[in-house]
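2 protein chains.
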Amino acid sequence: MADIRFHDPQIEMAHGAGGKASRRLIEGLVVPLFAGSLRGPLGDSAIVGMDGARLAFTTDSFVVRPLRFPGGSIGELAVNGTVNDLAVSGARPLALLTAFVLESGLSTEALEVEIRTIAAAARRAGVEVMGGDTKVVEHGKADGMYITSTGIGLIDSRVNCSPKAVRPGDQIILSGPIGDHGITILLARGEIDLEADLCSDTRPVLPFVESLIDAVPVGLRWMRDPTRGGVASALNELAADSGLGIVLSEEKIPVRDQVRGACELLGLEPLHIANEGQFIAVVAPECAEEALAAVQRVPGGEQAVIIGEVRAEPRRTVLAASAYGGTRVVDMLVGDPLPRIC
Amino acid sequence: MADIRFHDPQIEMAHGAGGKASRRLIEGLVVPLFAGSLRGPLGDSAIVGMDGARLAFTTDSFVVRPLRFPGGSIGELAVNGTVNDLAVSGARPLALLTAFVLESGLSTEALEVEIRTIAAAARRAGVEVMGGDTKVVEHGKADGMYITSTGIGLIDSRVNCSPKAVRPGDQIILSGPIGDHGITILLARGEIDLEADLCSDTRPVLPFVESLIDAVPVGLRWMRDPTRGGVASALNELAADSGLGIVLSEEKIPVRDQVRGACELLGLEPLHIANEGQFIAVVAPECAEEALAAVQRVPGGEQAVIIGEVRAEPRRTVLAASAYGGTRVVDMLVGDPLPRIC
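Just so you know, the protein sequences line up as chains S and B, in that order. Number 281 in the working numbering belongs to position 281 of the first sequence; there are no gaps in the numbering. Add 1000 to a position in the second sequence, counting from 1, and you land on the number used in the working numbering.
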């Protein structure tokens, strides 16, 4: 019997936000119903064994509004998002597919711009778009376009990352400033009276991950790209899945002034804001400095930093410690303050 | 320079219908822009080489209205459609992923029913759903849900199908009656005053394909599941891609009375109507009878039939010959008389 624990009567925006409600939906409904079929939580790459090799296989739908924003567009998110899901699974992408749901009445020019963007982003990430699909729905649906991007990649045989590999004392590396993507989307919608010189951070994290794997193949325990739900949700999932605690040094977490300002004004937590070009790696303490240097020496990784560590206690909890000695619990994202940011 | 030949100013429903307009969009815009990246027309499975093995990789978005209909539902189409794309590429499915775009306000019950349907369809096709994604868009978008289904499969090493392998004299096998799916959807919408005892034909065609490959591994030239755009569009694509002609024996093409009646009433061509559980195989003449028997002996394949043959002339054209000696040109689907049937 499927152990269904999800009893919300209907689907709400928060169920797609990547935080607590998303996890309840996936773990309480989707996973139990796929039981026997599905072997782990939906979300990251699935792993398919083949002749001793391991393939990573991942899919994501992109429904971001607006379609284009400072620093990127839906097509660029679709490529980088999929490449990054593969990268944090330790996989080098072999091929991408893109499926479009187009709104009738969309200008051909808008579609052309996105296809060019996808082709360029794929070239930059060193992967081929090998096929896809196109459906059209009536005008008024689909906000121009939704894109579902799927990738397969070959997992580096040296990589053995999982929440179960994480140990107390492990160090947590973050690749750069957080919240740029989510706040950029929020400002691009023009619904709040705030301007800031800010761009989405969308980019492939593959070069950083490859440098990291080469530098510390054995000490690398876990990786994740903190997209929807932000760094807080990613680390809370790690805490829950590993049964361990995580303590962050609040003052070490890089946040741009524009992001911090917007968050303060709007009552948002930077650790909950989505990123599209950052990643978190958990590494063994003895190789933490070497791992950090490996990320920092790749162009674009200069701001990488160790933001905290794994502890035995408090179990299944993420804490942020201030420079003044206080600590606070950092929970998963609850609700959906910034809908449709990817 | 990309050779862009698509100059329609905006996207219309017909561009998603699987006929002439779809082919113009894909070949005139998508393929040229992905040039250097994309190696063939978008649509079928992409082929990825890996250590001597060949992987088939395919994705499709499903936007059918209504979500449930006699004989199936969007979730069942998503699984069978992907399994069938792999099957006609000669591949046995290894894994599926499903990405949902859900409409805010969708009842949890409706989602639960589709997830159960997907899990059951995957079990029936002998494949695992290994992961996916969930996004939520505002109420009024997405008609309940859209599902993008992606599959990877391992191509049988004996299979070498392609339009270029097809020769004059080759025989064309069709697995069963055509048009059931498209007409079922049309009637399920209740927009026309017509009732008929008819069900969608959605099913996995994998068992038929496997029997066929075992029986005539060498003589098998080309396979396709004639979904959007119907048998006519699939065979016109083969004619165009092979440079050969195709002559069908009109009276041999199985069409149920209910489908024929609805088509006559509505001025539709059964050869243009979508199928979701049929396939077409082109086989060498010397093994045609053996190939037909291999399909017919699998339960559900009893109505398989040879519907025509490949000829050198008329090049790039599909003809239907009547029992009385007349012939007519069977063109690709033009426009979109039945929007959103998958």
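These are calculated hints, taken from the structure and not from any lab test. We put the CB at the ideal spot given by N, CA and C, even for glycine. Accuracy of the hints is not assured; some may be wrong.
Chain B regions said to be covered by chain S (calculated; three or more residues, Cβ under 8 Å) [unchecked claim]:
#1 1119 to 1130
#2 1145 to 1155
#3 1258 to 1269
#4 1273 to 1280
Which chain S residues face chain B? A few, computed with CB under 10 Å, are given here [unchecked claim]:
#5 I11
#6 F62
#7 A122
#8 D133
#9 R228
We went through each hint and held it up to the structure:
Coverage of a stretch by a chain is defined here by at least three residues with a beta carbon nearer than 8 Å to that chain's beta carbons; for the stretch 1119 to 1130 of chain B and chain S the count is 6, and the condition holds. Residues of the stretch 1145 to 1155 of chain B lying with their CB closer than 8 Å to a CB of chain S number 5, which satisfies the three-residue condition for coverage. Counting residues of the stretch 1258 to 1269 of chain B whose CB falls under 8 Å from any CB of chain S gives 0; the rule of at least 3 is not met. Coverage of the stretch 1273 to 1280 of chain B by chain S is violated in this model, with 0 residues showing a Cβ closer than 8 Å to a Cβ of that chain against a need of three.
For I11(S), the interface hint holds, the least distance from its beta-carbon to any beta-carbon of chain B being 4 Å, beneath 10 Å. Against a cut-off of 10 Å between C-beta atoms, the interface hint on F62(S) holds, since the closest Cβ of chain B lies about 8 Å away. For A122(S), the interface hint holds, since its Cβ comes within 10 Å of a Cβ in chain B; the closest pair sits about 6 Å apart. Taking 10 Å as the C-beta contact cut-off toward chain B, the hint placing D133(S) at the interface holds, the least distance being around 5 Å.
For R228(S), the interface hint holds, the least distance from its beta-carbon to any beta-carbon of chain B being 9 Å, beneath 10 Å.
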